[in-house]
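Chemist: Residues per chain, in single letters:
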Amino acid sequence: MPRLRLADPDADAVIQLLAAPGDGRDLPLDRWDRVVRVGRACRLLPALRQRLDEAGVLSGLPAPVRGQLDSEAAIARYRKQMAWRELHELTDALASVPGPRVLVKGAAYIVQGLRLADARVVSDVDLLVPRERLAAVEARLREAGWQPEAVDPYDERYYREWSHEVPPLRYPGHLLELDLHHAIVPPISRVRVDPARLLAAARPVPGTAFHVLAPEDQVLHACVHAFVDSDLADRVRDIVDLDALVCELAAAPGFWDRLCARAAELGLARGLWYGLRYPQRLLGTPVPETVWRRLPSPGRTAVRTMDWLVARATTPPPPEGRQLASARAARWLARARYFRIRMPLPILLRHAATKGIRRLLPHAASAP
Amino acid sequence: MDPARALATRFRLVQHPDLRILTFDGESLVFNPRLWHTHFLNASAGLILECLGEAPASAAELAALLVDEAGRPALPPDQIATALAELAGLRLIEPDDAAAAA
Amino acid sequence: MKLGELPVGEVERLLRREGLGLAFGPARVRLRSEVGALAPALQRVYAAYPVEAPGGFYDVSARLAPAGGLRRFVRPQVSFWLDGESPFEPFPADTHLPLVEWGVNWAIAMRLNQHLLLHAGVVERGGRAVLLPALPASGKSTLTAALASRGYRLLSDEFGVVRLGDALLLPMPRPVALKNESIAIIRAFAPGAVIGPEFPKTRKGTVAHLAPDAASVAARHTPAAPALIVFPKYTPGIGVEVEPAPKARAFAQLSVNAFNYELLGPAGFDAVGAIVSRCGCYQLRFGDLDAAIEQIGRLLG
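Residue numbers (my numbering), protein chains in the order written: chain X, 1 to 368; chain U, 369 to 470; chain F, 471 to 771.
Bound-form chain X, shown alone (with noise of 0.2 Å):
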């Protein structure tokens, strides 16, 4: 199977030596002067380390290279331990209300103790509860402490009304923001999710208060956010995330044919298409023929669009010189692509104007 290459050259180059970490021996200095800062900026740094010190490379390095990645794992290190702090402040000031309490993302990584969580740098505490217990669970949150992170009334609607969230709650001093959802993706968006199904089907992990989704559901929901509810912006961790999160579920016998399974039950198929071809197309992850075979493909040209749209609008800007001016327009189309999945053309059109005239008029009166 050919291999898709990112449009810049040296993340294209931290996404071979993920994929190939052996090749890393050899590497001149003044690659690996680029690999680092482009590995930076991608946030796969520790990923890469954690590639390198399994394929026993990572020793041998010279120096300041492993240094710097000496340097990045540390601040992973120390933003998992927060995250482990956020999740007893949320065990204790929950106890009273009735659960599920089921972790997404970074956290669902770290509580159920996945290499996976070594191997990156966890943003936020995301958290899905039944819709019907949002309220009850904002509001036992706000009580203990967690306050809102400071937005405009518009902004604050178009969080809880056209979104999915609620927005970001902080404990004051705490380095993480939680995250409360009730869905994956927002109720008004073209693709419909339905949430009870996923929480239905949220196993508890042991040992703690928490639930997580089904092997399945995540890798499925790990898909959602890097193609379907995305911008494709800055994406291509969450495309390394997948390759990790894959290889580590698929042990479990029958995991494939779950997947795809739940994939059609769920109207995802789509997004796993994508969320499965762009880990194997640039990592190589080992997904069976049976599986491709098994999943409806998006028209060609489609296909060759979003090839496009991912080779270039997943990285971010190169830290020296000028982004491609390809790059620049494939972010542009990203981003329509993403509005148009996410919102009714009326609403879009309602949304745009209102941020477009807030950004002519900084002082004018908030909310339409």
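Hints are computed from structural coordinates only; laboratory data are not their basis.
Please read these numbers as outputs of a predicted model, since none were measured by experiment.
Certain hints may be false.
What the hints assert, rightly or not - Using C-beta positions, here's what the derived DEER-type ranges look like:
#	chain 1	residue 1	chain 2	residue 2	range
1	X	Pro130	U	Ala372	48 to 58 Å
2	F	Ile655	X	Leu324	48 to 58 Å
3	U	Glu422	F	Pro606	56 to 66 Å
4	X	Cys247	U	Gly394	34 to 44 Å
5	U	Asp386	X	Cys247	23 to 33 Å
To be verified - Derived contacts from chain U toward chain F, CB cut-off under 10 Å, selection only:
#	residue
6	Pro385
7	Asp386
8	Leu387
9	Arg388
10	Thr391
11	Asp393
12	Pro401
13	Trp404
14	His405
15	Phe408
As the list claims (entries may be wrong) - To give a feel for the contact side, a few chain F residues facing chain U, derived at Cβ under 7 Å:
#	residue
16	Lys717
17	Ala718
18	Gly735
19	Pro736
20	Ala737
Cβ coordinates follow ideal geometry from the N, Cα and C atoms, glycine included.
Please build the complex by placing chains U and F on the supplied structure of chain X, with the hints as guidance.
Modeler: Okay, now just chains U and F, sitting in the frame of chain X:
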């Protein structure tokens, strides 16, 4: 945990590879692996932790251990219980029973 | 080839093109600049540093650029860029070196988390290092500069870089930032010292930089074992007063004041614990630099 309950409980130090206790001239620094946080403890709390580091004990047993040169208890049991309750709240110590070990 | 030996035009060219590479010890920094005035100032305070060969690996790639817009002509400003991001407000263009020093400090604090970064001056004599923790108005920089001018090897003014595992101090001998009265004090105290240009209108008042001497720069790859912690407190009117500092308090002061103690968790705890265990810890109130240096010499043994 409230001090009254702490008075009746036998405690042990939590088992965690990242727990650290360092004492200089009666003042102790403790690294709390659960909160990822360093505590600065006064002499009594530091001594209590050190004792529990050697063997699990109750407030009464600690009172018997912590005596001055004349053999008089240096700390009354209820003061020890207050310290134990606080240390338990910080999750540095836990009740020494089979259920906690599971 | 040392930076001080190059023609200034060559320094300017390097800054404009492939970048000027400097290896500070545990931190390797590549600097680019479109601001011509930076070159002579940089050259003066980093004169003893060898210029790194092109290519190579750097922990920090930084750039000084004119801040755009109309201000470019009316009241020119400069911005500091770290890998394509500009984390601070621009400075007036004539405070270029202070912005570079401040920016590089910030970048090092962000990027060197494989080590514990204490906020302290560090000097060394006879294989034994003295840590001078930085507290507001302590006179730490003045004292560090004075010690460095009296035969102590300079390891650092700003960062006590501690290697995890063995708790040795790693040198990073960069210019010592002197502020306001300290500039004249050090000029008088060490007439032979190389001090860079004075920048009068920074946020901290007037700033000038004492260049690290050639011997300290040459020894920057030689770690030092910590032996003494001295908490300085500049107290005008007295000579010098010293008293022992309780070690638990010294631990607390060092850890609270460090750049990344909280981040490192148990490894940070172990490193600070090892340092405090191995060092004599003292509070030193001083009004007289010579007396302070003599007292430190006696404490060091």
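Chemist: Which earlier hints can't be squared with this structure?
Modeler: Violated: hints 1, 3, 4 and 20.
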